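Numbering-wise (my numbering), the sequence shown opens with residue 66 and increments by one.
Among the hints, a few may not be true.
Here are the in silico distance ranges between beta carbons for each label pair [claimed, not checked]:
hint: 1; residue 1: 177; residue 2: 359; range: 50 to 60 Å
hint: 2; residue 1: 354; residue 2: 114; range: 52 to 62 Å
hint: 3; residue 1: 197; residue 2: 231; range: 56 to 66 Å
hint: 4; residue 1: 202; residue 2: 290; range: 42 to 52 Å
hint: 5; residue 1: 262; residue 2: 177; range: 43 to 53 Å
hint: 6; residue 1: 315; residue 2: 234; range: 16 to 26 Å
No lab work stands behind these hints: they were computed from the structure.
Because the structure is a prediction, the values reported are computed rather than measured.
Ideal placement from N, C-alpha and C gives every residue a C-beta, glycine not left out.
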Amino acid sequence: MNRRLLPVAACALLLLGGGAACRKNKPITAPKGPEVKGQTAPEILAEAKIYLENRKWDDGRRILRVIEERLPSSKEFAEAKLLIADSFFFGSTNTYPEALVEYQSFLNYFPRSDKRDYVLYRIALCHYAAIMNAERDQTETRKALEGFQTLLKEAPGSVYAVDAKAKVVQCWRRMAEAELMVGIFMVKNFQFAPAEMRLKTLLETYPEYVDRERAYYYLGEALRQRPVHNETLKRFSKDFSAKVGVEDFSKLSKEQHQQFNKEITAMINEELAKFKEEAKGYYQKLVESYPGSEWAGKANDRLLEMGHAGRKEELDS
66 MNRRLLPVAA
76 CALLLLGGGA
86 ACRKNKPITA
96 PKGPEVKGQT
106 APEILAEAKI
116 YLENRKWDDG
126 RRILRVIEER
136 LPSSKEFAEA
146 KLLIADSFFF
156 GSTNTYPEAL
166 VEYQSFLNYF
176 PRSDKRDYVL
186 YRIALCHYAA
196 IMNAERDQTE
206 TRKALEGFQT
216 LLKEAPGSVY
226 AVDAKAKVVQ
236 CWRRMAEAEL
246 MVGIFMVKNF
256 QFAPAEMRLK
266 TLLETYPEYV
276 DRERAYYYLG
286 EALRQRPVHN
296 ETLKRFSKDF
306 SAKVGVEDFS
316 KLSKEQHQQF
326 NKEITAMINE
336 ELAKFKEEAK
346 GYYQKLVESY
356 PGSEWAGKAN
366 DRLLEMGHAG
376 RKEELDS
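Kindly produce the complete structure, drawing on both the sequences and the hints.
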């Protein structure tokens, strides 16, 4: 071979191998990341822990993946799986979804692990961290609640039980607030009958967690303004036709139409009076239960408008 070509050939080989030796002032750098070749599972695990302790989550996780993928029969496998999940959980708030997947994977492999309460707690926390405000979807709130309740059911004496109980309360409060916001939205958008149903269900479902001041006030607002339901009107018309012996409502005589109008007007007025009376009951309950609140003041104003000033009497709160 021509000697003059040797340097060129050597340079070409280095370039093909990823080197840059033929470039002046460009020192070769070592490959980034830890090396694990030839190490045993305990050694790999120990090295991974060093990286994790120094918050080098990606490097630590990459080492742990070696145990997960290549040494699944080692006794270090379980700890490696759990540390992978922890590396996502503690690494960033943006990686809670990945942490959730890894914790669930751990339980799939080790359903009877002595770390089960810890993993259940972390799974619930992953959902808890994803809870949205009360005006948004509450799927994650329900999942967090279910997770904490599962922990409390399976391990009531767990060191995580106290915090789990506190977060259960927060989940219930958030869901109650979300339901209340829906009810208020319905009232403000003139959906009075659905709002009535929603707010009554709210008071029955979340008696210990709902903001009763606003719930009572807006339930009063819904009842005060709600019309008679269309189905009620249709049923009344059908019953009237049957009573006068006419199958087709359009074939009523003039006298029958007059009688129908008289009776349906009386029925509507009676129903509206019932709604308003029930509304007064909720306004009064608010005034009696929370006499110094802003919402009690609003409720009392409504009672005055309706010719019924707030009065002092014993009512359930």
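Structure-based check of each hint:
1. A C-beta distance of roughly 54 Å is found between residue 177 and residue 359, which places it inside the suggested range of 50 to 60 Å.
2. Our hint of 52 to 62 Å for residue 354 and residue 114 holds, since their Cβ atoms are close to 57 Å apart.
3. Against the hinted window of 56 to 66 Å, the Cβ-Cβ separation of residue 197 and residue 231 comes to about 20 Å, which falls outside the hint.
4. One distance hint, 42 to 52 Å for the beta-carbon pair residue 202 and residue 290, is violated here, with the actual separation near 28 Å.
5. The hinted window of 43 to 53 Å between residue 262 and residue 177 holds, with their beta carbons roughly 45 Å apart.
6. For residue 315 paired with residue 234, a C-beta distance near 58 Å fails the hint of 16 to 26 Å.
Figure legend: structure checked against the earlier numbered hints; hints not met, in rising order: 3, 4, 6.
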